[in-house]
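Note that the protein sequences, when read in sequence, are chains A and B. Going by this note's numbering, the first sequence runs without a break in its numbering and finishes at 224. Going by this note's numbering, the second sequence runs without a break in its numbering and finishes at 245.
Because the hints were derived from the structure by calculation, they are not lab data. Some hints here could point you the wrong way.
Derived BS3-like pairs: lysine-lysine, alpha-carbon spacing no greater than 25 Å straight-line [unchecked claim]:
id, chain 1, residue 1, chain 2, residue 2
1, B, LYS26, B, LYS184
2, A, LYS220, A, LYS18
3, A, LYS48, B, LYS26
4, A, LYS220, B, LYS113
5, B, LYS225, B, LYS26
6, B, LYS15, B, LYS69
7, B, LYS225, B, LYS184
8, A, LYS18, A, LYS48
9, B, LYS113, B, LYS95
10, B, LYS95, B, LYS71
11, B, LYS71, B, LYS15
12, A, LYS48, B, LYS73
13, A, LYS18, A, LYS162
14, A, LYS220, B, LYS26
15, B, LYS69, A, LYS48
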Amino acid sequence: MRALDFDYMLGLVPVLLKYVPLTLGMASVSMLLALVLSCLLAIVRVLKVPVVDPFTGLFISFFRGTPLLVQLFLFYYGLPQLFPSLTALDGISAAVIGLTLHFSAYMAESIRAAILGVDRSQWEAARSIGMREGQMMRRIVLPQAARIAAPTLVNYFIDLIKSTSLAFTLGVTELMGATQKEAAGSFLYFESFIVVAVFYWVMVEALSLVQGQLEQRLGKAVQR
Amino acid sequence: MIRVRGLTKSYNGHKVLDGIDLDIEKGERIVIIGPSGTGKSTLLRTLNFLEQPDAGTIGFDDLNIDVAKAKVKEIQQLRLHTAFVFQNYALFANKTARENIAEGLHVVRGVSKSEALARADAILGEIGLADRADAYPSALSGGQQQRVGIGRAMASHVDLMLVDEPTSALDPEWVEEVLQLMGKVAAAHQTMLIVTHEMRFARDIADRVLFMEGGRIVEQGPPEKIFTAPADPRLQQFLRKVLPD
């Protein structure tokens, strides 16, 4: 076994650090969009909104049932062939759209379960004082569902951060893409990829710290 | 005056409400008694569409609803005429005591947030919980939660307060404080329809007592008559079971 090139590894750190904002940016934007979309999907499913409900079912089924990589290729390489106007779609946007749709399908199911986990009496009390369904969802049901869903949603966010590495296959030079380029230049594949692995690991661990605070905040109402 | 005509409700072919006719005068306090499973709670719940009734009409001064054809907007309006006190309190778990009372005023009735909170504080004073204004329901005793539940119903000054077994879920130690508050609300001439198993309370508070069985109002009258000279044999039998000798 040859010795590890620690100097190279240390030198790689500042190079890769420059790509952290892009990776976290793609992950955060995708997560925010996925949160909004998944809440809408979940509400449609729970309230069984006529006409739209079957389509949300199909949407969730498709985006859960096919690999993320296939979806990304479909958006980036496939769709522009059908719709030439989409040729202008850059790799970052295509990745964000793909990640959003993919993860919103998973998250919608978690949020749906969390909504159904909110006690029926909460719905009845909201209706009894004359709240409309939208007001009830926004003010009473979703805030309580958020507490139930938070651990699972943070899990999806972790998965999402790591999945941004697939954007590299769309030609985006993000953390993974940059590492690949460095490794191809130095031929030090182990050193390069172990450093980037630690990068992802640290980002996810930092998120776990935030998770504790988030859960404490959401749980404020039920602490004695 | 509130007029209910021919209200029916079935579950899986079983008639839970079998043609209820009921007039309620302004300020009247009506207590419904009867064995379990005779439709008492269902009657309350259909009156503000927590359960959708099958047929009949519900009328308030300016609102007359054919329940079978009720539109979303009519149901909304009907709910603004009524307030519900739940057996299990059903306070909003993500809102403080003060917010629970202010919520409907602010969100549904368009009262400004500061005004709604100020009114909530006044009500918290009336129900003796001024010092618990910022507590979440999980930090309140059952009796305190139910008092907030009653406070929430008081806040909107509705035409009809629907009260569904307000003490059934309470530990015995909290029953008295809730009944006292109910008495206070009744004394303020709030029109009320109350389902309860507390016969002494029913006797003290009611202008009229309804005895329900099999989804119908079998007998009704002032409490003196119902409790001392019941006519229907089913009521006589029921009272023998629930009243101490």
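Comparing the hints with the structure gives:
1. At most 25 Å may separate the alpha-carbon atoms for a hinted pair to count; B/LYS26 and B/LYS184 meet this at roughly 17 Å.
2. Proposed proximity of A/LYS220 and A/LYS18 is contradicted: the alpha carbons are some 37 Å apart, above 25 Å.
3. Among the hinted pairs, A/LYS48 with B/LYS26 is inconsistent with the structure: their alpha-carbon atoms are about 39 Å apart, more than 25 Å.
4. With a CA separation close to 22 Å, the supplied pair A/LYS220 and B/LYS113 stays within the 25 Å bound.
5. For the hint pairing B/LYS225 with B/LYS26, the CA-to-CA distance comes to about 22 Å; that is within 25 Å, so the pair holds.
6. Distance check on the hinted pair: B/LYS15 and B/LYS69 sit about 20 Å apart at the alpha-carbon level, within 25 Å; holds.
7. A distance of roughly 24 Å separates the Cα atoms of B/LYS225 and B/LYS184; the hinted pair therefore holds under the 25 Å criterion.
8. Annotation: proposed proximity of A/LYS18 to A/LYS48 is violated, straight-line Cα distance about 46 Å (limit 25 Å).
9. Taking the CA atoms of B/LYS113 and B/LYS95, the gap is near 14 Å; set against the 25 Å cutoff, the hint holds.
10. Distance restraint check for B/LYS95 and B/LYS71: the Cα-Cα separation of roughly 30 Å exceeds the 25 Å cut-off, and the hinted pair is therefore not satisfied.
11. Proposed proximity of B/LYS71 and B/LYS15 is supported: the alpha carbons are some 24 Å apart, at most 25 Å.
12. Restraint check: the Cα-Cα separation between A/LYS48 and B/LYS73 comes to about 19 Å, which is no more than 25 Å; the hinted pair holds.
13. For the hint pairing A/LYS18 with A/LYS162, the CA-to-CA distance comes to about 17 Å; that is within 25 Å, so the pair holds.
14. Distance hint between A/LYS220 and B/LYS26 is unfulfilled; the C-alpha atoms sit about 42 Å from each other, more than 25 Å.
15. Between the alpha carbons of B/LYS69 and A/LYS48 the distance comes to roughly 21 Å, so the proposed pair stays at or under 25 Å and holds.
Hint compliance for this structure: hints 2, 3, 8, 10, 14 are not met, and every other hint is.
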